[in-house]
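**Student:** Protein sequence lines correspond, in order, to chains A and B. The numbering used here applies: residue 1 is where the first sequence begins, and numbers increase by one. The numbering used here applies: residue 1 is where the second sequence begins, and numbers increase by one.
These are calculated hints, taken from the structure and not from any lab test. Careful: at least some of the hints might be erroneous.
The list treats identical chains as one, so a pair stands whether inside a single copy or across any two.
[Unchecked claim] Straight-line distance between alpha carbons at most 20 Å, and here's what the computed EDC-like set of lysine to aspartate or glutamate pairs gives:
| hint | residue 1 | residue 2 |
| --- | --- | --- |
| 1 | Lys158 | Asp143 |
| 2 | Lys158 | Glu179 |
| 3 | Lys14 | Glu41 |
| 4 | Lys72 | Asp116 |
One-letter residues, chain by chain:
2 protein chains.
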Amino acid sequence: MVRWEPNARGRLEKAALELYAERGFDATTVAEIAARAGLTERTFFRHFADKREVLFGGTEGLEDLLVRGTLKASDDGLGPVEAIAAALAEFAENVFTKQRHELARHRQAIIAAHPDLRERELIKMASLASALAGALRRRGVGDPAAALAAEAGIAIFKVAFERWVAGPAGASLPQLIRESAAALKSVTGP
Amino acid sequence: MVRWEPNARGRLEKAALELYAERGFDATTVAEIAARAGLTERTFFRHFADKREVLFGGTEGLEDLLVRGTLKASDDGLGPVEAIAAALAEFAENVFTKQRHELARHRQAIIAAHPDLRERELIKMASLASALAGALRRRGVGDPAAALAAEAGIAIFKVAFERWVAGPAGASLPQLIRESAAALKSVTGP
Numbered sequence: 001m002v003r004w005e006p007n008a009r010g011r012l013e014k015a016a017l018e019l020y021a022e023r024g025f026d027a028t029t030v031a032e033i034a035a036r037a038g039l040t041e042r043t044f045f046r047h048f049a050d051k052r053e054v055l056f057g058g059t060e061g062l063e064d065l066l067v068r069g070t071l072k073a074s075d076d077g078l079g080p081v082e083a084i085a086a087a088l089a090e091f092a093e094n095v096f097t098k099q100r101h102e103l104a105r106h107r108q109a110i111i112a113a114h115p116d117l118r119e120r121e122l123i124k125m126a127s128l129a130s131a132l133a134g135a136l137r138r139r140g141v142g143d144p145a146a147a148l149a150a151e152a153g154i155a156i157f158k159v160a161f162e163r164w165v166a167g168p169a170g171a172s173l174p175q176l177i178r179e180s181a182a183a184l185k186s187v188t189g190p
Numbered sequence: 001m002v003r004w005e006p007n008a009r010g011r012l013e014k015a016a017l018e019l020y021a022e023r024g025f026d027a028t029t030v031a032e033i034a035a036r037a038g039l040t041e042r043t044f045f046r047h048f049a050d051k052r053e054v055l056f057g058g059t060e061g062l063e064d065l066l067v068r069g070t071l072k073a074s075d076d077g078l079g080p081v082e083a084i085a086a087a088l089a090e091f092a093e094n095v096f097t098k099q100r101h102e103l104a105r106h107r108q109a110i111i112a113a114h115p116d117l118r119e120r121e122l123i124k125m126a127s128l129a130s131a132l133a134g135a136l137r138r139r140g141v142g143d144p145a146a147a148l149a150a151e152a153g154i155a156i157f158k159v160a161f162e163r164w165v166a167g168p169a170g171a172s173l174p175q176l177i178r179e180s181a182a183a184l185k186s187v188t189g190p
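Just chain A, with the same shape it has in the complex (with noise of 0.2 Å):
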């Protein structure tokens, strides 16, 4: 019988980012994520397939709820740029939130000391790209736009984030993907 623990998922997220700070990534065991967060090895497995997943594993369904939000967007008729800032900026609302300011900043802090992480938070980037790309070509968005509209959301969200991270705790991620987006308009534009 599988017992109901109340956010298991949640509290093995912040132990083992906690022990990730702490000891460094590769000295932290699962058995001791699970003890921190007063839970068993076996429920840590049920919810994530190892250590690393923890920090990726948060992301389950973004891209679809980033294509689902550009489409929507694109049909109350912003430009492709627009519509994906607009999508990410409502994500950004609704997870990234000033509570998980401190988790973040754990989790980048991590991923940049870990090569492998890093390739990995990458490739994680490039195929949301190919997905927001593809769903303005479904909106009728050509080539070579499309897949610059898709690049430049991302460019956009990866500077936000890396600013939100690495500023003050109060900070709105979702101001400073706006303020992103203008400033790709900026440099861009005459």
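Take the given structure of chain A and dock chain B to it, following the hints.
**Tutor:** Just chain B now, kept in the frame of chain A:
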């Protein structure tokens, strides 16, 4: 005594890419590459650390070259993204000539088929973006504008290069870079 082999590096590169395309990257040995090029393994290792290196070794000095080109174009009065696009087009003019199209196509197919090579390519691009952003900051471009212009420049190159590799042999990469830059402007614009 080191024997002089005319264009040994180019011959090794050509032989390697042919063999990777014929037999697959994993099944090809350094001995086979050297034999196909009519050279010794020893000569191979004077030019490349391993068989992966053949795919990435041609871009040594790439960052320096593009940073210098960007700074020059920037001093000539171009905006940040235009300056990077101009540097990329000039680089492409010299390096990715029509004669190199077939080799570039082989290389791209091998990289696409190997996740670890794809990751290495992404890391290379991310490192180039950092170098370009740093150069723009030294010319007084603020943040997030500098970071966004650099990411936008990489996006322009990436999309143009993918089109060049997928397209007919006669296409001009500098021309595709200019088209990409114009497309980016139109998708970000009002």
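**Student:** Please go over all the hints and tell whether each is borne out by the structure.
**Tutor:** A quick look at each hint next to the structure:
In this homomeric assembly, lysine 158 and aspartate 143 come within 20 Å of each other (Cα to Cα) only across copies, at 13 Å, whereas the closest approach inside a single copy is 23 Å. In this assembly of identical chains, the alpha carbons of lysine 158 and glutamate 179 lie at most 20 Å apart only when taken from the same copy (12 Å versus 24 Å across copies). Only within a single protomer do lysine 14 and glutamate 41 lie at most 20 Å apart by alpha-carbon distance; the minimum there is 15 Å, versus 52 Å between protomers. In the homo-oligomer, the alpha carbons of lysine 72 and aspartate 116 never lie at most 20 Å apart, since the shortest distance is 35 Å inside one protomer and 35 Å across protomers.
Hint compliance for this structure: hint 4 alone is broken.
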